[in-house]
Structures are given as C-alpha cells and as structure tokens.
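Trainee: Chains as they are written, first to last, in our numbering: chain A, 1 to 299; chain V, 1 to 291.
None of these hints come from the bench; they were simulated from the model.
Where hints are given, some of them may not hold.
Once the Cα atoms are required to be at most 25 angstroms apart in a straight line, the calculated SDA-like pairs of lysine to any residue come out as [claimed, not checked]:
1. A/Lys-53 / V/Glu-234
2. V/Lys-141 / A/Pro-259
3. V/Lys-64 / A/His-143
4. V/Lys-27 / A/Pro-21
5. A/Lys-53 / V/Phe-144
6. V/Lys-27 / A/Tyr-14
7. A/Lys-53 / V/Lys-27
8. V/Lys-27 / A/Pro-176
9. V/Lys-141 / A/Gly-132
10. V/Lys-27 / A/Ser-15
11. A/Lys-74 / V/Ser-147
12. A/Lys-74 / A/Leu-113
13. A/Lys-53 / V/Lys-64
14. V/Lys-141 / A/Ser-15
15. A/Lys-53 / A/Leu-76
16. V/Lys-141 / A/Leu-113
Label pairs and their calculated CB-CB ranges [what the hints assert, rightly or not]:
17. A/Arg-236 / V/Arg-191: 25 to 31 angstroms
18. A/Asp-125 / V/Pro-77: 44 to 50 angstroms
19. A/Glu-19 / V/His-238: 54 to 60 angstroms
20. A/Asp-211 / V/Thr-231: 39 to 45 angstroms
21. V/Gln-9 / A/Ile-101: 32 to 38 angstroms
Here are some, though not all, of the chain V residues that point toward chain A, as calculated from beta-carbon distances under 10 angstroms [to be verified]:
22. Ala-25
23. Gly-28
24. Asp-248
25. His-251
Using N, Cα and C, we set each Cβ at its ideal position, and we do this for glycine too.
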Amino acid sequence: MDPIIRLEHVWHIYSAQGERPIEALRDISLRIYPGEYVVILGRNGSGKSTLAKHFNGILLPTRGDVWVKEWNTKDLQHKLAIRSTVGLVFQNPDNQIVATIVEEDVAFGPENLGIPHAELRRRVDWALELVGMTPYRYRPPHHLSGGQKQRIAIAGIMAMKPEVLVLDESTALLDPRGRREILDIVQRLHRQEGVTVVAITHFMDEAIWADRIVVLDEGRLVMSGSPEEIFSQPDRLRDHGLDVPPVTELARRLHRHFPEIPPAVLRVEELVTAVRDLYARRFVPTAMHSETAQQEHRP
Amino acid sequence: MAEKVVDIQDLEYWYMQGTPMEVQALKGAHFDVYRGEVVAVLGHTGSGKSTLIQHLNGLLRPHKGHVRVLEYDLTDPNVDVKALRRRVGLVFQFPEAQLFERYVGDDVAFGPRQLGLSREEVRERVRTAMNAVGLDFETYKDRFTFSLSGGEKRRAALAGVLALRPEILVLDEPTAGLDPEGRRLILNLIRRLKEEWELTLILVTHDMDTVAEMADRCFVLADGRTVLSGTPREVFAHPEVLRELALDLPHPTEVTHRLAATGVPVRPDALTLDEAETAIRHVLANGSANT
Ligand SMILES: Nc1ncnc2c1ncn2[C@@H]1O[C@H](COP(=O)(O)OP(=O)(O)OP(=O)(O)O)[C@@H](O)[C@H]1O
Ligand SMILES: Nc1ncnc2c1ncn2[C@@H]1O[C@H](COP(=O)(O)OP(=O)(O)OP(=O)(O)O)[C@@H](O)[C@H]1O
Ligand SMILES: [Mg+2]
Ligand SMILES: [Mg+2]
C-alpha cells in the first residue's frame, strides 16, 4: 500500500539565515499509511508541532521533501488538495479561531474547500454535535473557556472531513470526561470511517491506543514501534524525557515482587485481572475466579 | 491554626453583564485556603475555575459575594490591587496571555524589574527561576518568546511569576502540555517551594494524578458553584459522583477500586503509585487489606 504521507530526509531550520539557527527537525524520514493510528511522543521542544505542520504544508522543509499522496507540499498548486486531505488541529486553539461566532468558525475550513451551502450546514451541525458544543453555536469563540475552545477547534477540522486527522495535543485542556469523549470520537472515526489519525500527546495512557508510536528528541526520530514495544523500554523513554503509563509503572513494580504479574501491562483491566487471578490462586481454594474477573472486563 | 489567606463566599460573576451575550460564570462559589496549603480546584470544562481564580489577584472583581485575599477585601473598590499582585502570582491557562516581551529573559525579568530590585538581583532571580522550570538560562534568555514551543511557553510563564517570589502562587493548568519529565520537575519544584518559602499554592487542574499527589484539599466546581470539597481521599472516595461531575479517579485509585470491586480485599483508596503498590503487595502477600 502507498503511504498517504511520506517524509524523506526532512530538515526544518528556524531562522536559518539568522545568527542562531534552530534545527527543529533533523533528517526525519517517516511514512504514514492510510488507516493507521500513529501517536507522536517527545519532550517539550523536540519538534512535534513543527513536524505536524509539515504534514499539510503549513511549514515546508528547509531540506528534504514531504509528499501527501502524490503531491509534494512544495508544489503550491496542490495546496488546497493537500489541506483538504490532511486536517491539522493546532496545539493552541486560540491560533485557530478566525470568526466571531462559533458556527462560522467551524464553517470556515469546509467553506474554503468550496463545500456547497446545504452540505456545509449539515457538516457544521454534525461537527458541533460531535464535540458537544451545539448549545454554544452563537457564542463568540474568543469568550469561551479553554476546554470549550479546544472542542471548537476540533469541530472545525472534523467538519472538513479530512482523510488524515492530525491532532496536536488536542485533549490537553479537557476535563477527564471530555478527554474520553474526544478519544472515543477519534477512535470511532478511525475504526468506522477509516480516517488516518496522527496524534501528538503528553498523556502516555492515550498512546496505548496507537498502532504505532514514534518518539522524537532534539528533532530526530529516536524510537518507533508498537505501544507494547515502546512501553517495555522505560529507561530509554526516560532518557527522552518520557515515561511509561501509570498502570504500566505499577505493573512493573509489582512484577519485581510477584513474577506472575506481567510487567508490560498497558491497560487497567489487564492489571486488575492479573492481580485478581494471582490473589485467587494464592488465597482462594476453589479457583474458579478468573471467570468473575473476566466479567469485569470493559470493552 | 494556620492563617486563612483566601476566603471566598457566595461569589457570583457575569461576563458581558447587561448585554444580550451575558453569561453567568459563577453562581455561588465558595473557596478557602490556609497559609502553606496546596489546594486544587477541579471541575468540568466551563465550570468557572479560571473565572474564580482570576479574582485572587484582582483581575476580576466580584459582582456579588465576598472575596478576601490576605488582608485585601476585593469588594472594596479602593483596594490596593498593585500591592496585592506583588504577593499573589497568577499563571494563566494560556501562557501566551502573559508573555509579551520580545525576549524570554526580558519577559521573566519583567516582574522583578517592577519591584525595584538591583540589576544583579533581577538577573539572579531570572536565572534561578528559568533554571528551576527547566529552561536553561544561557540557552533560552535571548530566544524570542513567540518562537517557543507550547511546553516551553508554559515554563517561561511560570518562571516569570516565580521570579516575583509571591506568597501565594496560583497556577491555571500548570502541567498541561508539559512532557512527563517536565511535569515531575514542576511538581517537585512546587513541593520544594512549599517547604522553603512556606508558599501557598492554588492549582487549577484536570489532572487527577496531580491532585492526588500534591493537594492537601480540593474544591470541585460545577456550573459556577462549589459542589464538593475535602481532602483528595475524601473526594476520590466516590467515583460515581466524580463521573457525574465530568471528573475521574487518579490512575492508582482506579486500579485499587476496580480490584476491590472484583472481590479482592485490597484497600481501595490508594492515591499514589506508592500507595497502590503497598496495598496490592500487602493483599497478595497476606490475603487481607493493609490498614
Ligand atoms: N517560529 C519559531 N522560530 C524559532 N524557533 C522555533 C519556532 N517554533 C518552534 N521553535 C523551536 O523549535 C523547537 C521545536 O519546537 P516545536 O514547537 O516543534 O516543539 P514541540 O515538540 O511541539 O514541543 P511542545 O511539547 O512543547 O509543544 C523548539 O526548540 C522551539 O523553541
Ligand atoms: N471572556 C469571557 N466572556 C464571556 N464568557 C466567558 C468568558 N470567559 C469564560 N466565559 C464563560 O464562563 C464560563 C466559565 O468559564 P471559565 O473559563 O471560568 O471555565 P473553566 O472552568 O476555567 O473551564 P476550562 O476547564 O475549560 O478552562 C464558561 O461557560 C465560559 O464560556
Ligand atoms: Mg508542540
Ligand atoms: Mg479554564
């Protein structure tokens, strides 16, 4: 299968002509395939947002090339095609607000793609409903709370129905329920509509849902693998300013004392089942308990 | 008994009051803090947290109810807000809202310069504050503020307020957008400042793990009202209530709660990874809960 986004030896240097150039991306080669769910991790300043802005041509490489489908992002005649294929939700929702009314703000992106009026209305209604912001549709977006702005920013990109959804820390300001809701929506779009997802996050427990995790440090791609592979290397992760999810950390600690508990657990249910089964084996004579534990599993 | 440094009663606040766009953001909030405490403010998106804490240094004035911070009565129109702001430092939810100098070093120096300190002292404070938040002074002082990454901006904003050495530090989402190492760094810094400066801390956060690890007490807002308050152990004892309020359990608590629900006699109320580890090891070794 052909990648939907392809980066070949991409460098990005800010103030390249100035006296202190900043090499934000260093020789990044990366392919994103249609239908994939990729999570990008990396410490502050490692280059994640810079990378995200290369996926839809908001930034162009100083050296190297980025292709979206068969279009090179340097080729400005494909700008619209590229922007309608890859939707990027900015890290700071304030940077994305363009209109003075929420619904106009959400309509802005699809309108620029030339979506006809009736369809536009449907999409705006759909996107506002999706992020739970319908009651706020006539409010000025600048006067919303942090989390409310973040939801509007997500709706604006969703309304463009991009094939690739790039989310730059889009859950950072949401309450726990909001975070779960947005993750559910993204996973639903990914599974049911085949949307390709690239998500940047500092929440390690959001990364466990990825097909693949890539780690950046000082502008370089330093790790890549499945969540199981990545999170079984805590020391390496810590060297890069990261960590394992809290549940994995707990499992690792317990594993030192009880080898029966697997150290590479990523989900709460797995750890609960493992501890429960071990408890049953040790202390309950009729060990029929893994069945009850199974029922505790949540989908 | 420690001194009560913040006392908010029946606070009500309207945005765009008297216009058709009027929004009542606070509908009866109460909140109090004693000297040296770490207090967390929780609540769903739009519940009024940022509005509440902007009253603490007089950025917003109460429309109804009482707000006293240190010896300043914020209902008094003649209150000396300038003096108050020297003693109460506030870091905004969006750090962009408070970074306005061209260079990072100047931005962090802005507050201390207002205090009339000597050049050397300002520089020393800026260096200390930047290094404390993980922005190496030499590397970052001459960087353009606009060019910082999201997490770097949050650190810079925090450094600027730390350099003021306030008595009360109010942080709106201090760990949002920080990498795991940065989050640990800031939390350790907070612990240290609490010890060294007897600093009082008020944290607005959606991060339940931070609340569990750090807070002495917490207040939960919903739709502009204080609906719950208590120690983290008290507040996290009722997962159903929390979920109704759009909140959740800290990760370690989630594990022990679920284990207890499957019939394992584990102590369900672990707050931190250490506590969860202890509780689970105890039940696996002895078959019964630790006390
Ligand atoms: N416009 C700019 N001009 C100069 N330097 C910049 C600019 N934008 C970012 N940088 C620098 O480039 C590096 C990478 O920044 P980037 O925003 O990509 O990091 P990030 O991984 O997204 O970090 P965070 O987790 O804090 O959001 C950082 O050192 C940052 O200070
Ligand atoms: N400048 C403003 N003008 C008008 N309404 C506002 C303004 N700021 C906030 N509001 C509204 O007031 C209510 C409370 O907002 P506030 O920012 O205090 O919430 P919050 O608890 O901090 O939320 P979040 O967790 O999303 O940051 C929300 O309904 C919001 O839409
Ligand atoms: Mg970023
Ligand atoms: Mg807020």
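Trainee: Among the hints numbered above, which are violated by the structure, and what are their numbers in rising order?
Mentor: 1, 2, 4, 6, 7, 9, 10, 13, 16 and 23
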